[in-house]
Amino acid sequence: MICVLHPSLSDAPKSRRAFESLRDLDPYRILDMEVYSTLLWHTEKHIDLSFLAQELLSIEPRSPQTWIAIGNCFSLQKDKKQALTCFGRATQLDPGCAYAYTLAGHELVDTRIDQAINYFQSGIRADPRHYNAWCVILHHTERILTHATHSGMGWVHAI
Amino acid sequence: MAPPIEAPRWVHLGCCGPVDILFAKAGLKERKRQAVRPISPSLDSEMDDEGPALDESNLTPPSPSRTRSPDDTSTGQQSEDHAMEIAECTVYNTMRSCARAFRAFASYDLQKCLDELEGLDAVQQRTPWVMGLVGRAEYEKGDYAAVR
Numbered sequence: 001m002i003c004v005l006h007p008s009l010s011d012a013p014k015s016r017r018a019f020e021s022l023r024d025l026d027p028y029r030i031l032d033m034e035v036y037s038t039l040l041w042h043t044e045k046h047i048d049l050s051f052l053a054q055e056l057l058s059i060e061p062r063s064p065q066t067w068i069a070i071g072n073c074f075s076l077q078k079d080k081k082q083a084l085t086c087f088g089r090a091t092q093l094d095p096g097c098a099y100a101y102t103l104a105g106h107e108l109v110d111t112r113i114d115q116a117i118n119y120f121q122s123g124i125r126a127d128p129r130h131y132n133a134w135c136v137i138l139h140h141t142e143r144i145l146t147h148a149t150h151s152g153m154g155w156v157h158a159i
Numbered sequence: 001m002a003p004p005i006e007a008p009r010w011v012h013l014g015c016c017g018p019v020d021i022l023f024a025k026a027g028l029k030e031r032k033r034q035a036v037r038p039i040s041p042s043l044d045s046e047m048d049d050e051g052p053a054l055d056e057s058n059l060t061p062p063s064p065s066r067t068r069s070p071d072d073t074s075t076g077q078q079s080e081d082h083a084m085e086i087a088e089c090t091v092y093n094t095m096r097s098c099a100r101a102f103r104a105f106a107s108y109d110l111q112k113c114l115d116e117l118e119g120l121d122a123v124q125q126r127t128p129w130v131m132g133l134v135g136r137a138e139y140e141k142g143d144y145a146a147v148r
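Quick mapping for you: the protein sequence lines, in order, are chains A and B. So in this note's numbering, spot 42 of the first sequence is number 42, and the numbers just go up one at a time. So in this note's numbering, spot 6 of the second sequence is number 6, and the numbers just go up one at a time.
Bound-form chain B, shown alone (with noise of 0.2 Å):
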């Protein structure tokens, strides 16, 4: 009796056409990022607004994965690979921010959040739900001192 034929990893990722056949040597990442290629374009706009805050971050993208996939032909395709991951990036490090600052002030540790509020960039400082944070931050600093 033959051994059962081994199935191919481009089956166990649950794709099929001729490409696929290509990348079956890449990782499991690449096949991550060629799933999230088609939504890509609707986000350009978003990556546009983002774009002159990345400076101010101290975000480090994970890139080395360009260099290693042979078959990536596109240079387009794959600057916007690397957009992507920076504005995920981007948003990561914002959420985290504002939780943070949140956490800050739910234990009444109002000064740190408060820096942690001016850490964000301009963008996110003018949004409502930062400036109502900052607003009580800075009423309850003075209140809460005092009761101290």
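The shape of chain A in the complex, shown without the other chains (with noise of 0.2 Å):
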């Protein structure tokens, strides 16, 4: 959780460069435009990524990325259940969004553990290589264990 709550930000500002000159030159690049709204998430710029989001429903609002970017905005106004709907509502537009998944899995990881292992389930079995959902998966060990052989979940061997 920690790796994936505060990481490094070292590289946070060449990164935001890069996504700031690529929407100056494509302003309706969908894109890519998830990890930039999950960069200013952890930035914390609550004006540009309402921006973004804005702009992106405007331009596409069929697209899982529109979504993820509004999810992250009401995920940063800690409105955990409006954010929940939105990445659910771009795992629909698009099953194989690994992303979305992970990141429905973070707004639920600290309240409801079961769900949010099915939702980190989900997001594996999406893309096995996406190593977001995998870092969770590590860092609550413990939990999910104890929650495991709580409940019985026979599940727990697949980890």
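Any given hint could be a false lead.
What the hints assert, rightly or not - If you anchor each label on the Cβ, the simulated ranges turn out as follows:
1) A/T43 / B/D115: 24 to 30 Å
2) A/K81 / B/R100: 42 to 48 Å
3) A/I47 / B/R100: 34 to 40 Å
4) A/D26 / B/R96: 32 to 38 Å
5) A/I47 / B/D115: 41 to 47 Å
6) B/Q124 / A/P61: 17 to 23 Å
7) A/K78 / B/A145: 25 to 31 Å
8) A/P13 / B/D109: 19 to 25 Å
9) B/A99 / A/P61: 47 to 53 Å
10) B/R126 / A/F51: 43 to 49 Å
11) A/T141 / B/V91: 47 to 53 Å
As the list claims (entries may be wrong) - Within a straight-line C-alpha distance of at most 16 Å, the following computed EDC-like cross-link-like pairs (lysine to aspartate or glutamate) qualify:
12) A/K80 / A/D110
13) A/K81 / A/D48
14) A/K14 / B/D121
15) A/K45 / A/E20
16) A/K14 / B/E88
17) A/K78 / A/D110
Don't read these hints as lab results, they were simulated from the structure. Being a predicted model, the structure only gives us computed values, none of them experimental. Note that the Cβ used here is the ideal one computed from N, Cα and C, for glycine as well.
Put the two chains together into one complex, using the hints given.
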């Protein structure tokens, strides 16, 4: 969790500069914007993130990247329920979008570990090389194992 | 019974016309170069755009065929052919760099990915695809390193 919530942000300014010039160059680009929205989430840029989400929504409301950006926006405002709805919509639009599952799992990891585990599993199923989901699972191994032994879940053998 | 007459080379190559008989002794490569000649004027502007970047890349355009073609009398056509070859080399080199960069990105070798993208010429570095990849690589460099 530490790694995902507090990544090494030494490269964040460079990354942000690249994304900003990308948006100057191609304001209608949808691809890669989920990464940019997460970057803005990490750096807690409320206004920029809201603006990005609004713009993406007006450009293409049917892309998962748009809904990930909106979900990140709600997540930054601590509105977990709305954020979950948005991430859920992103996964409906593209069931192969591993990032949306992982972010939805993040919203639930502190309160509903069982549902969060399901989301992380879905994310890994969508993309086995999606390291974010693996990272969270590894950092919560203890809690997950405790939960698994209490609820008698068999899937834990898979890990 | 007379032995079958061997068809001249230009018949196999699907060419016709008196001019082709002159080129019949030339190699297949020469024929290909003749074939691409008609489309070259449309690529002139593109070649001009890519002109300054050629010095930076380490391409070595194959040019010995220029000296081997005795039939090519027009120097203008020769230089046009040469420019076409250089343009092809530039396009291939750019594609190769992009592919290497994306491959490094996919295997989370992010520094290598960034180095490859740095090696592209300035015009290519200002394209949305490259900028998006740079942004993602820079972001994931910190993130992925922390995860490991």
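Each hint tested on the structure:
| no. | hint | result |
| --- | --- | --- |
| 1 | A/T43 / B/D115: 24 to 30 Å | 25 Å, holds |
| 2 | A/K81 / B/R100: 42 to 48 Å | 44 Å, holds |
| 3 | A/I47 / B/R100: 34 to 40 Å | 38 Å, holds |
| 4 | A/D26 / B/R96: 32 to 38 Å | 24 Å, violated |
| 5 | A/I47 / B/D115: 41 to 47 Å | 34 Å, violated |
| 6 | B/Q124 / A/P61: 17 to 23 Å | 32 Å, violated |
| 7 | A/K78 / B/A145: 25 to 31 Å | 28 Å, holds |
| 8 | A/P13 / B/D109: 19 to 25 Å | 22 Å, holds |
| 9 | B/A99 / A/P61: 47 to 53 Å | 33 Å, violated |
| 10 | B/R126 / A/F51: 43 to 49 Å | 23 Å, violated |
| 11 | A/T141 / B/V91: 47 to 53 Å | 49 Å, holds |
| 12 | A/K80 / A/D110 | 11 Å, holds |
| 13 | A/K81 / A/D48 | 21 Å, violated |
| 14 | A/K14 / B/D121 | 19 Å, violated |
| 15 | A/K45 / A/E20 | 13 Å, holds |
| 16 | A/K14 / B/E88 | 33 Å, violated |
| 17 | A/K78 / A/D110 | 13 Å, holds |
Checked against the numbered hints given earlier, this structure breaks hints 4, 5, 6, 9, 10, 13, 14 and 16; the rest are met.
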